[in-house]
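These are the residues of each chain, in order.
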Amino acid sequence: MELLTLSDAIAAHVRDGQSIALEGFTHLIPFAAGHEIIRQRRRNLHLIRMTPDLIYDQLIGMGCAERLTFSWGGNPGVGSLHRLRDAVERLWPQPLALFEFTHAQMAVAYQAGASGLTYGLMRRYTDTQLADVSDSRVRTINCPFSGTAHTAVPAINPDITVLHAQQVDAEGNVLIRGIVGAAKEAALAARRVLVTVEEQVESLQADLNSVVLPSWVITAVSIVPGGAYPSYAQGYYPRDNGFYLAWDEIARDRNVFSAWMQQHVLELREHADLLRLLGVAA
Amino acid sequence: MSSPDYTPDEMMTVTAARHLRNGAVCFVGIGLPSAACNLARMTHAPDLVLIYESGTVGARPSVLPLSIGDGELAETAACIVPLPEVFAHYLQRGRVDIGFLGAAQIDRFGNLNSTVIGEYSHPTVRLPGAGGAPEIATHAREVLIVMKQSPRTFVPRLSFLTSCGYLEGSGARRARGCPGYGPRAVITDLGVLRPHPQTDELQLAELYPGVTEEAVRAATGWPLQVASDLRTLQAPEPAVLAILRNLYARTRDAHTHPVRINLPL
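Order-wise, the sequence lines are chains A and B. Counting from 107, one number per residue, gives the positions in the first sequence under this note's numbering. Counting from 633, one number per residue, gives the positions in the second sequence under this note's numbering.
Think of the hints as simulated: they come from the structure by calculation, not from any bench. As the structure is a computational prediction, the values presented were derived from the model and not from experiment. The C-beta atom is built at its ideal place from N, Cα and C for all residues, glycine as well. A few of these clues could be false.
[To be verified] Which bits of chain B does chain A cover? Going by a derived footprint, with three or more residues having C-beta under 8 angstroms, they are: (1) 673-683; (2) 686-696; (3) 761-767; (4) 790-797.
[What the hints assert, rightly or not] A partial selection of chain B residues facing chain A, derived with a Cβ cut-off under 8 angstroms: (5) P640; (6) I662; (7) G701; (8) D702; (9) A706; (10) H721; (11) R758; (12) T770; (13) T844; (14) A847.
Same shape as in the complex, but just chain A (with noise of 0.2 angstroms):
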């Protein structure tokens, strides 16, 4: 584990056209680190995550992307992401391959990821038609013990899976408290994991059980407090709805989008910065 900053780790480890999973399930999502990302111009990437949320939506609508791998795609509680829809259903920025499972199926690929295997299982369920989509990767296969079928999920390992977290300590180990998502299986499943954090402690206050990430899976960790913004981060700031509510009417209209993106993220040196623009940090 290096302790980098995020403009550092993002610029060493995140290169154009790698596959990047920002994890997070409405908990603890990397804001910081996608504006980051955005901010550094990366392109053709391909973004996986179980609900993109604002974040994809965001990485989308500046042409980050070409493929996405999700599972449900809209703004919690709010709608639509609008950017997202404006990709698939009128091709702008531009063109986005949709590569589109369940919850249910994404969490046994990021399982089966973490685990090394090259598929994960589930009880088959043939009656959707997720399954006939052209690029759909889901397959039917038989237990060889009760001959019972299943449905297979290839294993998603992605180059790069990015998390936010509360603590780090001296260490280097890394604690998730609260909503953990597939987290956890997401940055086992990943070939290097950066992880964004509230802050640095001597030692994590953990119980046994916790979810806590051993120092040595991790590649960098970067201290950047309030850096699931909008998102929430248990125990240091709740979600702030306004702002999800808002996104809704800035993601509708492609310039309004753009001004926003302009303003608060390239325009802006770091997340410390928007936090302040927004009137949320003093």
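Using the hints provided, position chain B relative to the given structure of chain A.
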């Protein structure tokens, strides 16, 4: 007729809540299903177990979450499990009694589309997608569907089959070996549709007070069958309505606090 002192949304929520028996394990989605589950928990079903797909098992929120993974759910849950576990150990293993679903389109056999309107490869409307719905539709012991009714949403033919109801009907779902029973009720803003015992086709079984059969037919994109024992449901009890309105008021208050983040100096 005088207008009722409750909204169609409130009648829908109360009707959905009435379907939840105490002690049942519910897999809950955001929005109206979450309101119905928490209303039931705060009224007749205090031991209802709520599982949100974010992995919060046994959540007892005092205000409604705006996202499926709000901190309120984590803080009040009996436990928080990783996402692969909530789908494998709880849903797929058969530990969920009732799954709630909604969608952009439903057909006469309760099959659901939440993927696209139009062609998959060139959609006119790209919808959010499946999320957890296909597995909820398959594995929950029974499913409750909550959707506003109109000819645009209750359609003769889905653009895309995301989650199965009774498939082609007449026992097709059972024949395919689907573990759960399927949609027990479709709760709309006009009444409740239920599957016919033999054909599995949804038929109008219950009307809300003041709603006519003709109004429900007009809001359905296929020739709607009507159950022989069609009945009219009771309006929401004033005490229940007060609890629901109080829940929404608390939720509004809780969600209007501005977020403050303290940056280190």
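Results for each hint:
1. 673-683: violated (count 0)
2. 686-696: With 3 residues closer than 8 angstroms to chain A, the region 686-696 of chain B meets the three-residue bar; holds.
3. 761-767: Coverage by chain A holds for the region 761-767 of chain B (7 residues, Cβ < 8 angstroms).
4. 790-797: holds (count 5)
5. P640: Given a least distance of 20 angstroms, the restraint on P640 (chain B) is violated.
6. I662: holds (6 angstroms)
7. G701: Holds, because the Cβ-Cβ distance from G701 (chain B) to chain A comes to roughly 3 angstroms (cut-off 8 angstroms).
8. D702: holds (6 angstroms)
9. A706: holds (5 angstroms)
10. H721: violated (11 angstroms)
11. R758: holds (4 angstroms)
12. T770: Given a least distance of 4 angstroms, the restraint on T770 (chain B) holds.
13. T844: violated (31 angstroms)
14. A847: A847 (chain B) check fails; min Cβ-Cβ to chain A is 27 angstroms, beyond 8 angstroms.
Hint compliance for this structure: hints 1, 5, 10, 13 and 14 are broken, all remaining hints hold.
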